[in-house]
Amino acid sequence: MNNLDIFSENDMARRSVDAVIKLSEKFKKDKGRLPVLMEVCGSHTMAFAKTGIKQRLSEHVKLIAGPGCPVCVTDQKSIDAMIQLSEIPDTIICTFGDMMRVPGSKYSLMKAKTEGKDIRVVYSPLESVKIAQNNPDKEVVFLGIGFETTIPVLALAVRDAENLELSNYTIWMTTKLVEPVLRSLLDSGEVMVDGLLLPGHVSVVLGKKSYDFLMNEYKVPSVITGFEPVQLLTGIYKSVDLLLHQKAEVINDYPHVVKNEGNLVARRLLEKYFKLNDEAWRGMSKIPNSGLVFKDRYARFDAKKKFNVHVKEPRKTKCRCGEIIKGSINPEECVLFNKGCTPTHPIGPCMVSTEGTCAAHYQYMREE
Amino acid sequence: MNNLDIFSENDMARRSVDAVIKLSEKFKKDKGRLPVLMEVCGSHTMAFAKTGIKQRLSEHVKLIAGPGCPVCVTDQKSIDAMIQLSEIPDTIICTFGDMMRVPGSKYSLMKAKTEGKDIRVVYSPLESVKIAQNNPDKEVVFLGIGFETTIPVLALAVRDAENLELSNYTIWMTTKLVEPVLRSLLDSGEVMVDGLLLPGHVSVVLGKKSYDFLMNEYKVPSVITGFEPVQLLTGIYKSVDLLLHQKAEVINDYPHVVKNEGNLVARRLLEKYFKLNDEAWRGMSKIPNSGLVFKDRYARFDAKKKFNVHVKEPRKTKCRCGEIIKGSINPEECVLFNKGCTPTHPIGPCMVSTEGTCAAHYQYMREE
Amino acid sequence: MCLGVPAKVLEVSKENALVDVMGSRMYVGTVFVPEVKKGDYVLLHAGQGMTIVDQKFAMESMEEWRRVLNE
Amino acid sequence: MCLGVPAKVLEVSKENALVDVMGSRMYVGTVFVPEVKKGDYVLLHAGQGMTIVDQKFAMESMEEWRRVLNE
Amino acid sequence: MTQRISMAHGEGGELTHKLIKNVFVRNFNNKEQSRLDAAALPWYQNEIVMTTDSYVVDPLFFPGGNIGKLAVTGTVNDLAVSGAKPIAMTAGFIIEEGFELGDLREIAQSMAMEARLAGVQIIAGDTKVVEKGNADGVFINTTGVGQFHEQRLESEAIKEGDAIIVSGAIGEHGVAIMSAREDLGLMTGLQSDCASLNHLVEEVMNHVEGIRVMRDPTRGGLATTLVELCEDFKFSAELVESTIPVPMEVHGACDILGFDPLYLANEGKIVLVVDAAHEHTILEAIKKHPLGNGAQIIGRVTSCKESSGRLYLKTPIGTTRRLHRLPGMLLPRIC
Amino acid sequence: MTQRISMAHGEGGELTHKLIKNVFVRNFNNKEQSRLDAAALPWYQNEIVMTTDSYVVDPLFFPGGNIGKLAVTGTVNDLAVSGAKPIAMTAGFIIEEGFELGDLREIAQSMAMEARLAGVQIIAGDTKVVEKGNADGVFINTTGVGQFHEQRLESEAIKEGDAIIVSGAIGEHGVAIMSAREDLGLMTGLQSDCASLNHLVEEVMNHVEGIRVMRDPTRGGLATTLVELCEDFKFSAELVESTIPVPMEVHGACDILGFDPLYLANEGKIVLVVDAAHEHTILEAIKKHPLGNGAQIIGRVTSCKESSGRLYLKTPIGTTRRLHRLPGMLLPRIC
Ligand code: SF4
Ligand code: SF4
Ligand SMILES: [Mg+2]
Ligand SMILES: [Mg+2]
Ligand SMILES: [Mg+2]
Ligand SMILES: [Mg+2]
Ligand SMILES: [Mg+2]
Ligand SMILES: [Mg+2]
Ligand SMILES: [Mg+2]
Ligand SMILES: [Mg+2]
Ligand SMILES: [Mg+2]
Ligand SMILES: [Mg+2]
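Protein chains in written order, with the numbering used here: chain S, 1 to 368; chain E, 369 to 736; chain B, 737 to 807; chain C, 808 to 878; chain P, 879 to 1213; chain X, 1214 to 1548.
Please keep in mind that the hints were generated in silico from the structure rather than gathered at the bench.
There may be inaccurate statements among the hints.
Covered stretches of chain P (chain B as the covering partner; in silico rule of three or more C-beta atoms under 8 Å from a C-beta of chain B) [what the hints assert, rightly or not]:
1) 950-957
2) 1060-1067
If you want a taste of the chain P side facing chain X, the calculated C-beta under 10 Å gives, among others [stated by the list, open to error]:
3) Thr929
4) Ile965
5) Thr968
6) Gly970
7) Arg983
8) Ala1002
9) Glu1009
10) Lys1010
11) Gln1029
12) Leu1031
13) Ala1035
14) Gly1039
15) Arg1097
A quick note: this is a predicted structure, and the numbers were derived from the prediction, not measured.
Just so it is clear, CB atoms sit at the ideal spot from N, CA and C, and this is done for glycine as well.
Can you make the complete structure from the sequences, with help from the hints?
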């Protein structure tokens, strides 16, 4: 057992639950309602559901899932394009496992693989560079999804491909940034939250400092939170505490992992290869400068430039993932939830991503 | 049942055996020994063994197998080279089934296939052209063994490849001609035969006329013979009859199939693409003008020119195939026969080719 | 030396014919037997008709042989 | 958003380190944590160490939290 | 060079025989049982018998059947020829990723229908899926259990003069498979003979006596099967070539491709060694059944000494030659 | 679009369940038997039981075993957890052309050794060879027969309060396999737990009463296995997360790759539902056996109504959530 396991110790966790309940009772008494916190991060959504904390606190704190699942926020057209890439002959598609079962308008990558397309799940993007090196007569495309934590690793893959002078390696970039989507959500006024639980691992790269705009411009109390049960609970505790004291601070409750400056090496590498771009988000249309794409001088690694993929406008479905990721509705409010839409037959990405809110509700909170 | 089945009718066959025995008794009485006939063709060797005619006549006519199995007469170095072709990356080797189990110095094509090389057995050489057409990014090499019957079909494959403008199709030519080897055998004086049974199907292409040299120059009585039991027996009968009358004629005892002129269309096509060449024969070293190779203007289809295959001088073994195909010894005289050498573990090609003399003796005449 | 099978021609098209060998059928090449007609027998080798079998000669040699045997 | 696991560094080489997560081991990249030393914990994401985990801070925040709970 | 498994190891001939002997029988110590197509369980007075086979036929669908039907008939027949009544079987599927569900359904339906016809229950199953390129559509293992008929086989009584019977025409399955393979271009009207023979066997065993031993001449064909019988039960036998029922189309296909009908697979035939005293009764009984109406006596046991164990063929011209196992595999050839 | 079989159909979760239900059970009409890992033969007072499994593990050799050992233990265990004593099994091999003979020999030896340990005879076999690229080294089907112990399982008596026991640590086989796969780069000292559990089961069944039902939590892991038990026998149950024995390395590997130990395969563990009145005796009996010394009570049956059939997990913080079958398949992930 290592030092870090103290955060998951069961006794501490149970006592932490009690502390959170006690504090939020105070809030309830003060305001006559529950405190509303948004878990910006999909891993938080999952962890709250899987540990049972969300269910346990349901009468005490309202936790709303946010836009923090990279698969879920990707708009349908991008997903269709990535799947369509697999139809190009002599192409190997490399992807994180997360993308495999995401439903495209026609079919998923899993289905494409089943049809005989060469699609490989890798644990590390660098593995895909090795695959390109070992298959010089094939095109290798990595599906580059992810937030700020993952983007530096994509940059690292490009660096490797550059060093190896590979001409058969590209990335299909469809990355997302946290600050622009938070601004967009807060600006829209659609989502009513008292405070934010900020994504612990994205913050590793960004640093605590990068959230100052929340305090300075939006005055939203926010806590950078870890993922173990006790950390989840202290995150909530400190958020409610800020609310009670009406302080619009940003607290770093994950200081052993998140530094004030973030990871400068990672950010520098990322900036070497990528530049800002307006990205389309599911259910939100384009948000200015909300993602990263290749700088012009690295266009040779840009799968979007190399391959001419045209996809039709996706058909409208009853899937409400767009609202789910904005925190406007709960999965149970979607008519398809657990009817037409289940993890084995998902309609939207939120049902299939391991961070998807609908998946979390289906797997861990469904009762029937 | 078609008209041609009369030649295999059992009653006719049994009566034919009696007729042959009766006639050869006459010879025996005249000369005090058995008449000795060489079956030039490997299919005759096989048919004599499989039908039991050879065994049945063993006290009456001595039948000696000749150089008529295209696999068996190919020298070891050529065989090793053909097998080595399979090691060239991105190459598909196409071959008649006959070659698959022929032992190379290191291993057989079957073994190479087992090791993962792409080796395909085809029924028709034209099939290999289709394979080349369907695999433009691979080199397709056809292993061109065969006597005059098969060579026109190889020419036809080249014609198709030429029409399709294929640049990935070649043939590794190691073909053999009947007249030069017969001359060489008869000139050598090594083989003592009274008469020859001439290969029925080679003669389809060559024509009866092409054997005039046997009559005019060598004065060897010869009969062009078919392959059904009755045909085999009439062939022997007519040979012995010639011997008794001391006539050095060439009789066409297969006239419904073999014409006087042979097949001119086939010969013309063959001459379009190929020219004479000195070929090495197993156990006989090079015989001048005894095989065909590509004319210079078709060198692009010549696998020997396209691929740089170097093979070491094959190790000497105790295999006596070289003598077997000259008719100098019987398989049973080889110390390896049915000891170190069996069809499942063959040492020489004669044990593995379906026309191989050792195979015929092992499969049909072994008694232990 | 060379496997050869008599096959009855059922249909003829350009450079190809459908043949029958005791009920088993196959499309084979007829480049070497351009004069082939439906009803002919061709001698089949490696997927090509190599010659047209002369049934008259076949019957004749058989009859001749029968005479020899009956002598 | 991003799976991250603390992993103990057992060996360090150029741009790579052998790490241990409760007994399971793996070679991971250290490009983003060039200062990493044996004995450190790194936070692992997609095969890369993304930061060095500060164990002192970890203990401190836990102690602080214990105090809150014991209040 | 590393020794590796080749296709020839799976053709049912010489190499298969050696592989089984050297790798499996040696390790599993099941020498005794390996003489039979099915093995008796060491249990309930050896009344219960079991057999297993994996089916890897290519193509999966062929004239007269598909891999599913074959997987049922093959195992039913192995039990039947062991003198047992098939009771139940299991079915294990290994499916290649990407295999069409519709095809799988059709295969399962064929199995169900054939099992019903044979009166056998499929009582347990298993499904595994492997990555595209790691299998060839679908492979099926069926393992059957049966119960010996009251009337037991008299394999110990095999003696000189015993007749060898085949229940009908040979080579049909082999030719049907070849004509379903597109690359050969062969076309025949032949259907695979694949059929469950347990009712035929039961009928015969219930009404006649004198059956010494039976086998189904599948992989390796009639010749290989009889060579193995001769070796396993130490008798020599002679077949009369002219009495072996070979359909014209089988002859034709073999002539074209250079194959020998004696080595082509059958999936709906039995060979029996029977007491000469009962051979006509047995032959008639077989012929009465629709699946046995082409039955023939094709040869006889010629000796039964310790040193026996050879199979001979009497040719139409009256000579005999020895028959061996399929050496290697069937390959189309030019010479 | 054509419906096709995907890898997820073989992972033992939701899709496998549906495939079996819709294609196989429907056609083969073996609904009743499909509740058990092995099926009783309609014969000899239902005393004889039979099970089949094909083994397609990749890689073929892994820490703690190989495909051969697994093929024996897997089938032995399916019989054992059905409450039967394994008697004999068959082994069917599908071998890819080019497979090394030495590896095949090693696999056969492992099978022989494990069969000896388990006291089971391998009585019949079959060997097929398929072309290079049409299989993945070797696949093995084993089909076992066994005889029910005198002491029968009391599955009809399952009632509220019954304890759920697992015989030891979970996830070891799954992690051992992952660490044997080179592409993941995972290294652990863990060995597959693969082992024959029939002696353990026999020991326990001979000396204690109150065992309701048993299963081996293989593909799909402990969670999927228990979900299926709950559905098949119509009871609901609650597991206590903190009591489930998960080795540290399994935790570590799962954390790295984003897997859940509850869904990892085990090949040497049983889960049992037992009468609470006998739970301690049973637990002690299991613990006495070397293969059961990590046994734990991990939960209880909470209800037994017609409408029951759900599995819940009590988390360390005292909340409960429902557990479902493995949805799809295990894939390494970043989020
Ligand atoms: S339940 Fe399914 S359809 Fe509904 S929002 Fe979630 S993913 Fe979309
Ligand atoms: S028996 Fe074998 S070794 Fe001897 S000559 Fe024949 S092929 Fe060569
Ligand atoms: Mg069998
Ligand atoms: Mg069989
Ligand atoms: Mg199973
Ligand atoms: Mg395939
Ligand atoms: Mg059999
Ligand atoms: Mg089973
Ligand atoms: Mg099992
Ligand atoms: Mg078998
Ligand atoms: Mg493979
Ligand atoms: Mg099981």
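Checked hints:
1. 950-957: With 0 residues close enough to chain B, the hint is violated.
2. 1060-1067: That given contact holds, which follows from 5 residues of the region 1060-1067 of chain P lying within Cβ reach (below 8 Å) of chain B.
3. Thr929: 6 Å, holds
4. Ile965: Isoleucine 965 of chain P check passes; min Cβ-Cβ to chain X is 6 Å, inside 10 Å.
5. Thr968: 4 Å, holds
6. Gly970: 4 Å, holds
7. Arg983: 6 Å, holds
8. Ala1002: 4 Å, holds
9. Glu1009: 6 Å, holds
10. Lys1010: Holds - the Cβ of lysine 1010 of chain P comes within 10 Å of chain X, reaching about 9 Å at its closest.
11. Gln1029: 19 Å, violated
12. Leu1031: 17 Å, violated
13. Ala1035: 24 Å, violated
14. Gly1039: Nearest chain X Cβ about 32 Å off; hint violated.
15. Arg1097: Given a least distance of 9 Å, the restraint on arginine 1097 of chain P holds.
In terms of the numbered hints stated before, the structure departs from hints 1, 11, 12, 13 and 14, listed from lowest to highest.
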